[in-house]
Amino acid sequence: MPVILRVIAAREGESLRRDGRARVLGWVFLILTLASAFAGGRYALRLGQERSAAWADNRRQFLEQGIKNPHSAAHYGVYAFKPAQALAVFDRGIEPWVGATVWLEAHKQNDFKYRPAMDAGVMQRFGELSPAFILQVIAPLLIIFLSYASFSGERESRVLKLALSQGVSPEILAWGKWMGFLRALLVWTILPWTAAIAASLFLAEPGTRMDVLLRLGWLSLAYAFYIAFWIAVVLGVSARMTKPRNTLLALLGIWLAACVLVPRFAVALSKAVSPTPLAAEFSDQISKETQRPDSMKLDKANALRLYGAKTIEELPVSFSGIRLIEGERHGDQIFDRRFSELFGILERQRDLHLVTGLASPLQPLRLASMALAGTDLSVHRDFAFKAEQYRRAFIRRLNDDVLRNAKRQEKWDSDYRGGPDLWASMPAFEYPSFGVDHAIGQAWRSLAMLSAWLMAGLWFMRNSARRLNVD
Amino acid sequence: MRLFRIELKRTWREAATIPALAAAAVLLIVGVFGGQTASERLDKQGRFLMAKDAEKFANTRARFESLETGREKLPPGEDDPRTTSVFSLYSGSRQAVLPPAPLAPLSIGQSDLLNGVARLNLLNRAQFWEGRNYFSQDIENPLNLQVGGFDAAFVMVYLLPLLALALGFGIVAGDRDRGILPLVLSQTTGLAHLALSRAAARLLLLWGVSASSLGIGLFLAGVSVAKFPGEFGLTLFLLLAYLAFWMSLSIWVNGLGRSAVYNATVLAGAWLTLVLVLPSVMGTLLGILAPPPSRVNLAVAARDVGNRINAGGDKVLERFYLEPGHDIPDFKQFFNKYFAVQKLTDRELNTLVDAHESELRRRQTLQLRMAFLSPALVLQEGLNDIAGTGIARHNRFEDQALVYQARMKELLEPKIFKQELVTVSDLDALPAFEFREESVLSMGRRILPGAALLSILALGFALGGMRRLKVMGLEA
Numbered sequence: 001m002p003v004i005l006r007v008i009a010a011r012e013g014e015s016l017r018r019d020g021r022a023r024v025l026g027w028v029f030l031i032l033t034l035a036s037a038f039a040g041g042r043y044a045l046r047l048g049q050e051r052s053a054a055w056a057d058n059r060r061q062f063l064e065q066g067i068k069n070p071h072s073a074a075h076y077g078v079y080a081f082k083p084a085q086a087l088a089v090f091d092r093g094i095e096p097w098v099g100a101t102v103w104l105e106a107h108k109q110n111d112f113k114y115r116p117a118m119d120a121g122v123m124q125r126f127g128e129l130s131p132a133f134i135l136q137v138i139a140p141l142l143i144i145f146l147s148y149a150s151f152s153g154e155r156e157s158r159v160l161k162l163a164l165s166q167g168v169s170p171e172i173l174a175w176g177k178w179m180g181f182l183r184a185l186l187v188w189t190i191l192p193w194t195a196a197i198a199a200s201l202f203l204a205e206p207g208t209r210m211d212v213l214l215r216l217g218w219l220s221l222a223y224a225f226y227i228a229f230w231i232a233v234v235l236g237v238s239a240r241m242t243k244p245r246n247t248l249l250a251l252l253g254i255w256l257a258a259c260v261l262v263p264r265f266a267v268a269l270s271k272a273v274s275p276t277p278l279a280a281e282f283s284d285q286i287s288k289e290t291q292r293p294d295s296m297k298l299d300k301a302n303a304l305r306l307y308g309a310k311t312i313e314e315l316p317v318s319f320s321g322i323r324l325i326e327g328e329r330h331g332d333q334i335f336d337r338r339f340s341e342l343f344g345i346l347e348r349q350r351d352l353h354l355v356t357g358l359a360s361p362l363q364p365l366r367l368a369s370m371a372l373a374g375t376d377l378s379v380h381r382d383f384a385f386k387a388e389q390y391r392r393a394f395i396r397r398l399n400d401d402v403l404r405n406a407k408r409q410e411k412w413d414s415d416y417r418g419g420p421d422l423w424a425s426m427p428a429f430e431y432p433s434f435g436v437d438h439a440i441g442q443a444w445r446s447l448a449m450l451s452a453w454l455m456a457g458l459w460f461m462r463n464s465a466r467r468l469n470v471d
Numbered sequence: 001m002r003l004f005r006i007e008l009k010r011t012w013r014e015a016a017t018i019p020a021l022a023a024a025a026v027l028l029i030v031g032v033f034g035g036q037t038a039s040e041r042l043d044k045q046g047r048f049l050m051a052k053d054a055e056k057f058a059n060t061r062a063r064f065e066s067l068e069t070g071r072e073k074l075p076p077g078e079d080d081p082r083t084t085s086v087f088s089l090y091s092g093s094r095q096a097v098l099p100p101a102p103l104a105p106l107s108i109g110q111s112d113l114l115n116g117v118a119r120l121n122l123l124n125r126a127q128f129w130e131g132r133n134y135f136s137q138d139i140e141n142p143l144n145l146q147v148g149g150f151d152a153a154f155v156m157v158y159l160l161p162l163l164a165l166a167l168g169f170g171i172v173a174g175d176r177d178r179g180i181l182p183l184v185l186s187q188t189t190g191l192a193h194l195a196l197s198r199a200a201a202r203l204l205l206l207w208g209v210s211a212s213s214l215g216i217g218l219f220l221a222g223v224s225v226a227k228f229p230g231e232f233g234l235t236l237f238l239l240l241a242y243l244a245f246w247m248s249l250s251i252w253v254n255g256l257g258r259s260a261v262y263n264a265t266v267l268a269g270a271w272l273t274l275v276l277v278l279p280s281v282m283g284t285l286l287g288i289l290a291p292p293p294s295r296v297n298l299a300v301a302a303r304d305v306g307n308r309i310n311a312g313g314d315k316v317l318e319r320f321y322l323e324p325g326h327d328i329p330d331f332k333q334f335f336n337k338y339f340a341v342q343k344l345t346d347r348e349l350n351t352l353v354d355a356h357e358s359e360l361r362r363r364q365t366l367q368l369r370m371a372f373l374s375p376a377l378v379l380q381e382g383l384n385d386i387a388g389t390g391i392a393r394h395n396r397f398e399d400q401a402l403v404y405q406a407r408m409k410e411l412l413e414p415k416i417f418k419q420e421l422v423t424v425s426d427l428d429a430l431p432a433f434e435f436r437e438e439s440v441l442s443m444g445r446r447i448l449p450g451a452a453l454l455s456i457l458a459l460g461f462a463l464g465g466m467r468r469l470k471v472m473g474l475e476a
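Heads up: the protein sequence lines correspond to chains U and G, in order.
In case it helps, the numbering used here puts the first sequence at residues 1 to 471.
In case it helps, the numbering used here puts the second sequence at residues 1 to 476.
Treat each hint with caution, since some may be false.
As the list claims (entries may be wrong) - Computed list of lysine to aspartate or glutamate pairs in EDC-like fashion (alpha-carbon distance at most 20 Å, straight line):
#1 U:Lys297 to G:Glu78
#2 U:Lys411 to G:Asp80
#3 G:Lys337 to U:Asp413
#4 G:Lys56 to U:Glu289
#5 G:Lys337 to U:Asp415
#6 G:Lys52 to U:Asp284
#7 G:Lys44 to U:Glu281
#8 U:Lys243 to G:Asp175
#9 U:Lys411 to G:Glu78
#10 U:Lys288 to G:Asp53
#11 U:Lys243 to G:Asp177
These are calculated hints, taken from the structure and not from any lab test.
So that you can see chain U by itself, here it is in the shape it has in the complex:
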């Protein structure tokens, strides 16, 4: 690196250290970020404890449900609880906005219940105080307030003319300032970043710590790109504008558009282009499709044909079991189709959010951050899928028990009972979460877009510096 660059960068760092306004803003930023890391840690810890306790209670309840017909046990069902992600400390993503648990029961693929945001109140709609929120929304403002007068202010005070008269090219000056601000910002974020890393590692399962570290490495890169972009844009605008007042107003306008308006616009766009079905209509459709009007006759004919029997009593298995298994098979086909359509819509909406990333770098950063923290839609979909696969295997085991052991008769055998041994033979639901490779697979488009934004920002800064007017 040329010495002159290092000198300019060091000078910027020094002037930031001397600037009382920068010190105040820096402290506010630091306190906010640390507080958010603390709040995030507390949230993830509480969520993790609550869900793992509920998971254990739920298993105990299933085992202690007493003696009953296995189909009653299938209706009693179990709950699948989504484990809290360690990196929710840093970015809670969609976690507060989706249900924490799903009830797995016979005949139905249910929706997730108990969104934490439901009871959080109106304050949460103003944004959650998480390290991700601070870096996504507040950090650009900090950059704006600290560096909007970087060129225009120096121009007004004639310092710029003096600096350039010493033979420094405007381009080098811009690069030096960029490096100086970037270094200062990175130094300010080291402490909260370390706190977030420590909290995430503390909350992570022992075998997943390396995965968490790798994710944090990618997150650091994504946020460094974002911060570097904003510094470049602020310096570029400052170089182009003649008055600091106009620079500040223009930059606040850019921030407002990028961090407040575009995300809301993305919501409206996604809803308009790819609307989700009404819950009532969607449920009604599934209810209609899962009905099997002539099922009794059909199942009977199929069973007799399959086993070469003449009467139900001659079947080697229970007809009640056959009916239950056929009912589930029919329902599963419908759930597969309908829920995959639904998740398709949700993913199209997510893609539309990414498209609006052409208008704001916050959009790709948000999506990349959630994906890397493991709190995005793809993880939610995967959890929903695995919970549903578990439900099917779970119900199938109970139905198989009815198939083998209930009476060989056409009428439903309500006298057959299962007990603790049968319940204990049912494996508990465990959710193996994705590794970092999946997260990168989900985030790569957003990361590529973010890199493009950084390139564009640096190009803008360089061009603005080349056209720098010292008067």
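Position chain G against the provided structure of chain U, taking the given hints into account.
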């Protein structure tokens, strides 16, 4: 007054005024449409459910009538659909739907998170919100919930203060920066009076345009504000107080005697702190001081209660049937046992659910009090209230639905345990659930303290700023 009229004309002629006001008008009208789209969705969903409910009820009633009058005879072996236990579990459950309030297009509020549909039946209270098939809430992309929709409330809470500040940051400093302040002062009665007239003129223009745009937006969305003067009046008053707060803050900052750039920086910082950072910090604080009671824990506890009662089996049920009013000890029937377990579960659960509900409502009260610390929260809470998309209306809905359910239980439960059939007159005694709106007066009681607080703050900042400006004027 003369100075105010002059300033009104002058402001109107300024280059930035018309674009700023036009932006406010367009954003508000687009915002009303955003809110209207969301409320139409809720309305469509509610109508769909109520139509299904009405159809099911009409069919049930027609069948019961023909069975009662003997027009229809049940084939041998078929269960009588009028058996109260069977009826209560299937055809007898009713839907309770919270319809969108008349001014719902103003604010989406919490309507996309709170469940506005409850299936009313004889199941225990823990299952109150869970009776619907497949989905207990509307289908919303969590990404969209996280960001929030574009509605008029968003424009009013976030963007209008920025326009107010853009119009107000240089009311005095602008002239001073240009060096024409002494000239301006030579033609007026004083700097404080001048600042107040300018601020009032700008405030009136911004508020007037916003109020008209809201009226036009609502009219285009099919809402006639003339039918709801109280609610619309409250909206305009709240908005006026909010904008007055920001404009007065501008007077106060101008009173510091610094440059327009300095004023812009301070006011932008104030906006960021009060609109963006403070609500978020307060939300986090609230989460730490009073975390919401866990619904997951409640569900687990309810299951434990159910398990215990089921495990008690016939002995528990026997005790239940020996109580007065349950004098037919025929508890072998599946449904009778099922409902007896529900009733016993309810009894034990009531304490748990009541504790959960009261903790939740205590938290909501605390949140409403904390909201007074941020003008943005005062406006958002007020608009949610007026639009009927806040927690207060939802709590009313829950209370009314519970009353309906209690009436349903009162009517049907004795019949289950006495094994009586449901009659047509029983059906007629339970008309469809209808939500009763609260009066504007009672809504106003919740909203006006916030508006009053904003007005007092506005007055305080304006007076404080004017005192400083008076001194500055004398010096100039």
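Here is how each hint holds up against the structure:
Of the supplied pair hints, the one linking U:Lys297 and G:Glu78 holds, its CA atoms being roughly 18 Å apart against a limit of 20 Å. Only pairs whose Cα atoms come within 20 Å are accepted, and U:Lys411 paired with G:Asp80 is accepted, the gap being roughly 19 Å. Note on G:Lys337 and U:Asp413: the hinted pairing holds, with a Cα-Cα distance of about 18 Å set against a maximum of 20 Å. Distance check on the hinted pair: G:Lys56 and U:Glu289 sit about 18 Å apart at the alpha-carbon level, within 20 Å; holds.
Distance restraint check for G:Lys337 and U:Asp415: the Cα-Cα separation of roughly 16 Å lies within the 20 Å cut-off, and the hinted pair is therefore satisfied. Between G:Lys52 and U:Asp284 the alpha-carbon distance is near 10 Å, which keeps this suggested pair within the 20 Å criterion. Restraint check: the Cα-Cα separation between G:Lys44 and U:Glu281 comes to about 10 Å, which is no more than 20 Å; the hinted pair holds. A distance of roughly 17 Å separates the Cα atoms of U:Lys243 and G:Asp175; the hinted pair therefore holds under the 20 Å criterion.
Between U:Lys411 and G:Glu78 the CA atoms are separated by roughly 14 Å; this keeps the pair inside 20 Å, and the hint holds. Note on U:Lys288 and G:Asp53: the hinted pairing holds, with a Cα-Cα distance of about 16 Å set against a maximum of 20 Å. A distance of roughly 13 Å separates the Cα atoms of U:Lys243 and G:Asp177; the hinted pair therefore holds under the 20 Å criterion.
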